[in-house]
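In case you want the letters, here they are:
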Amino acid sequence: MSRERIIATAAALREAERRRTARGRITAAEWPDLDVETAYAVQRALIEARLADGERRVGIKLGLTSRAKQERMGIDSPLTAVLTDAHILPADVPVPLDRLIQPRAEPEIVFVLGRELAGPGVTAAAALAAVDHVLGGIEIIDSRFLGYDFALPDVVADNASTALLVLGPELVPPLGLDLTLEAVALTVDGEVTATATGAAVQGSPAEALALAANALADRGESIPAGSIVFTGGMTDAVPLTAGTVVSAEFTSLGSIHLSAG
Amino acid sequence: MDGEVGMQEEIDRIAAQLLAARRDGAPIPPISERIALGQDEAYRVQLAQVDAWRREGRRVIGYKVGLTSRAIQRQLGVDQPDFGHLFDDDVVLSGEPIPAGRFIQPRVEPEIAFVLGRGLEGPGVTVADAIRAIDVAVASLEIIDSRIADWRITLPDTIADNASAGAVVLGTAPVALAGRDLRLTGGILRRNGRIVHTGAGAAVLGSPVSALVWLVNTLGRAGTAVEAGSVVLPGAITAAVPAEPGDVISADFAGLGSVTARFAVASAD
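Line by line, the protein sequences give chains A and B. For the first sequence, the numbering used here assigns the number 144 to the initial residue and increments by one for each residue that follows. For the second sequence, the numbering used here assigns the number 43 to the initial residue and increments by one for each residue that follows.
The hints are simulated quantities; they were obtained by calculation from the structure and are not laboratory data. Some hints could be false.
Pairs of lysine to any residue residues, derived as SDA-like cross-links and limited to a Cα-Cα distance of at most 20 Å, are as follows [claimed, not checked]: (1) A:Lys212 / A:Gly290; (2) A:Lys212 / A:Pro316; (3) A:Lys212 / A:Leu295; (4) A:Lys212 / A:Ala358; (5) A:Lys212 / B:Val238; (6) A:Lys212 / B:Arg236; (7) A:Lys212 / B:Val217; (8) A:Lys212 / B:Val283; (9) A:Lys212 / A:Gly346; (10) A:Lys212 / B:Ala63; (11) A:Lys212 / B:Ala281; (12) A:Lys212 / B:Ile237; (13) A:Lys212 / B:Gly235.
Model the full assembly from the supplied sequences, consistent with the hints where possible.
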């Protein structure tokens, strides 16, 4: 495995994003034996290139946090991806469809960490104790692979399809909040299309955070204090097209409203 | 069909087939494959069975509203819910073993049930009237069952079959509605300890209260009032899970506690 190959693959993914051109799987032709560990090296190279362009690291997100999806992909822990300030879409700004390929939106429970979380051995209780605040969020994913057709190493290299993130209006302390029963109603163009609770995320978003901290430790990384953590989609993602209006209403975390421009 | 007399005979015949299917635990092929029933005729089939059950001494204790999620309405190609009748012996206690042979092909779904403190008579009942009439909301599991083979139902099939009603397990921690947003009240459905589905009240026609309003106005147009003390199952907050003998299916609701349907292991006979 050469450093050049990793950097070239990361550059190709960034180019697909910049040009809004969906591509085929990396594992289909150019790198059939790309493994997950090396795919994380590609993801790292992708983020390093973004940081070199002046972006700042703001946190992480978890992907594949539903047990059903994990079983389909043959994994037992969520994926992680890196978030920068460029991924944050401010409130009340329309989703810039002209910058995206095939965007989909999903509601999530978001953490802000008050202190560093470093595995291994992090439990859900310890993970939750490191959380300063909980927010509602909407993640807009946008795979750089045509039709979201990817194998596990592809999606890892592609920073887990990260595109844009919207943060909810309320910072709620986790004390006294039952995240497994924190509900969301997802409304698309005025119609409720899905409802779920935090239990859909790895049994509990705190469990997802613990698993992520431990998985990152295997790769020699931790989650710094102050990080925002998008813990994973609570419902299936809904496609965003011109004029789509999406709302996510949370029990205790307020509501987020999005329009696709 | 040869006029109204012929239709009435057909309705009585289908009602008799459904009554026998339920009694014998032997499902029948979809009615819709044999005869094109309109919605009104399908409700007449349901009411013919309700009359027969009343003559047997069963007592109507409330109603269930079905087809309240967008997903199920899409699946059946309809744009409104349906309703069925609940009887005194349909109520199962939380945790009480449910005999394996009681249902044909049971499925279980979590609901936020209502008990009415005062009667409601539509049409013209508003959300405000409905909220004022609700005494308490209570966690519940509805056991749905179909007397139609393999659940191959269309809208008239399920309406004729008492909206696929089976039984209801009510929780034991009733709460008042004041200060509670049922739209955003979450629930988790577990089968044998594993999470199967999660959802919230908004899955039920936008809010479970909307289902109650629809029910009383629909019944009211047919001249039926919903009495004080009635139990109303407004519709499921998640998809249903199939129940096998030996399964323990439970639901936890935010602020409403939990409720368990325990299916007995199949007996040898």
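Original post:
Which of the stated hints cannot be reconciled with the structure, identified by number in ascending sequence?
Top reply: As far as the earlier hints go, 2, 7, 10 are violated by this structure, in ascending order.
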